[in-house]
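K.L.:
Below are the chains, spelled out letter by letter.
Protein chains: 2
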Amino acid sequence: MTRLKHYRVKPDAPFRLADIDPGETPFLPAEEHHQRESLELLADELDHWQNLLHAEGRRKLLLVLQGTDTSGKDGTIRWVFSRTSPLGVRVAAFKAPTDEERAHDFLWRCHAVVPRAGEIAVWNRSHYEDVLVPWVEGWIGKAELRRRYAQINDFERLLAETGTVLVKCMLHIDKEEQRKRLQARLDDPSKHWKFSMGDLAARQKWDAYQQAYEHAIAATSTAHAPWYIVPANHKNHRNLMIARLLIKVLRDMKISLAPANPAYAGLKVQ
Amino acid sequence: MTRLKHYRVKPDAPFRLADIDPGETPFLPAEEHHQRESLELLADELDHWQNLLHAEGRRKLLLVLQGTDTSGKDGTIRWVFSRTSPLGVRVAAFKAPTDEERAHDFLWRCHAVVPRAGEIAVWNRSHYEDVLVPWVEGWIGKAELRRRYAQINDFERLLAETGTVLVKCMLHIDKEEQRKRLQARLDDPSKHWKFSMGDLAARQKWDAYQQAYEHAIAATSTAHAPWYIVPANHKNHRNLMIARLLIKVLRDMKISLAPANPAYAGLKVQ
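Those protein sequences? They're chains A and B, same order as listed.
Plus 165 on top of the position in the first sequence (first one is 1) and you've got my numbering.
Plus 165 on top of the position in the second sequence (first one is 1) and you've got my numbering.
With the rest of the complex left out, here is chain A:
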């Protein structure tokens, strides 16, 4: 479990994304049937913790998933939460902003879907899109970028101070892995619905996006909202690592249920 720490980006320390190999699999059992079993056990355990969080009804958990196209955000949600009741988990997917969203500040649509008491929210992409895309596309300059980092840190501090535990994961794959996954989507007609030509355009800017991620993560990995770099070339590894991470975070929350209500003692229902 201590190894998770290695993948947490330390605030105020130099950080290079390239130092972490996307092909690493430190949380993966060697045998494939063990991988499946482990994931099922962890998914069940996660459901247990989510129940407790829901019963406590006080604090919240926010999991932010970021990563390039095909890095496995959907797959992570599918597998890590395969046994968790949708009662207590709410997924929000952030696409290119609508006109209505664009007419507000960039945190407006995010604030609207933060988890409520007792809930886990999972964000498939997030407010980080608004520092990655505009920077790479050249729509904003350095001063605005820094201002947004500070706004993000303030926003996340508000959430943390009001009972939300934040976990931010970057699903880290390499360029060759993305090529394979995009090609697989093209080669299988039943997967065409997952593909868009925009994916290829973004791929042209791979290096710029990697740099933007590195820069944004370094600026926003804080004690109250840390970033984790998840080696994600191997899908089972990605799922197992994130499941472990969430369970560790939930354990550390030391969730305690409300005490018995003395007013109910001895009450008989007629």
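Read the hints as simulated data drawn from the structure, not as lab findings.
Be a bit skeptical, because a hint or two may be false.
The list cannot tell twin chains apart, which means a pair is met if one copy fits it or any two copies do.
[Stated by the list, open to error] Straight-line C-alpha distance at most 27 Å; calculated DSS-like pairs for lysine-lysine: (1) Lys260 x Lys225; (2) Lys307 x Lys419; (3) Lys433 x Lys413; (4) Lys225 x Lys359; (5) Lys433 x Lys370.
Put chain B on the given structure of chain A with help from the hints.
P.N.:
Only chain B this time, still in chain A's reference frame:
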């Protein structure tokens, strides 16, 4: 499978809630280990259908769950969707309306959380609270009640005509079963968080609520948004019947995936 029809409330036919025994278990295998296996198989199958619905990305499914306190709305969601990814299932729980909600028409908060294309939405209570509670409490008269039924039918027709398949289930338990369940919550301090004194107040009006349900269901079970009465004294039966019902509905939708995109043929990712 044909037996499901028996529990569907026919439009324009006399309907008496008392004709259906809450203790019936027509969808329950005799042996308990078979019950568990069946439910797991059905939950897995439901996940399969939900994936297809998501991939189709066109139509929507709305499951409305209504029933008295302790009738098992939460439990249904927990078990029926135990294997379904939260990616494609969104749960909305309707409580007593807030001031903001009260400042709008009663369908406003519901319309805001209808399922989007490819999604299953599950409503834990619903717009039906606004014909049940105000009627039983005497806040509205007959004319307003009828107006609301018509507004509900219009709203549901809009949803149906714009690609939403609606399934409405009343979880049908009897008064003695409710007594046991409330008592169990009182007797187990770890369940006190689920209990409120308001539950006892509502129980005092059991008969009035049963009549209000019967009346509302008769007035709003339509071809495009049918009500099903689910015998729910037995929890496994309730879960199995609803899982079967949803699978049948999804099968009948004849979901077909988007055809391959010819523009993608032979494309190579660089």
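K.L.:
For each hint, tell me whether it holds in the structure or not.
P.N.:
Right, here's what the structure says about each hint:
1. Within a single copy, Lys260 and Lys225 get their C-alpha atoms as close as 23 Å, and across copies as close as 19 Å, so both meet the 27 Å cut-off.
2. Within a single copy, Lys307 and Lys419 get their C-alpha atoms no closer than 41 Å, and across copies no closer than 52 Å, so neither meets the 27 Å cut-off.
3. For the homomeric pair Lys433 and Lys413, neither the shortest alpha-carbon distance inside one copy (40 Å) nor that between copies (41 Å) is at most 27 Å.
4. Taking the shortest Cα distances, Lys225 and Lys359 sit within 27 Å of each other only across copies (18 Å), while inside one copy they are farther apart (31 Å).
5. Taking the shortest Cα distances, Lys433 and Lys370 sit within 27 Å of each other only across copies (17 Å), while inside one copy they are farther apart (68 Å).
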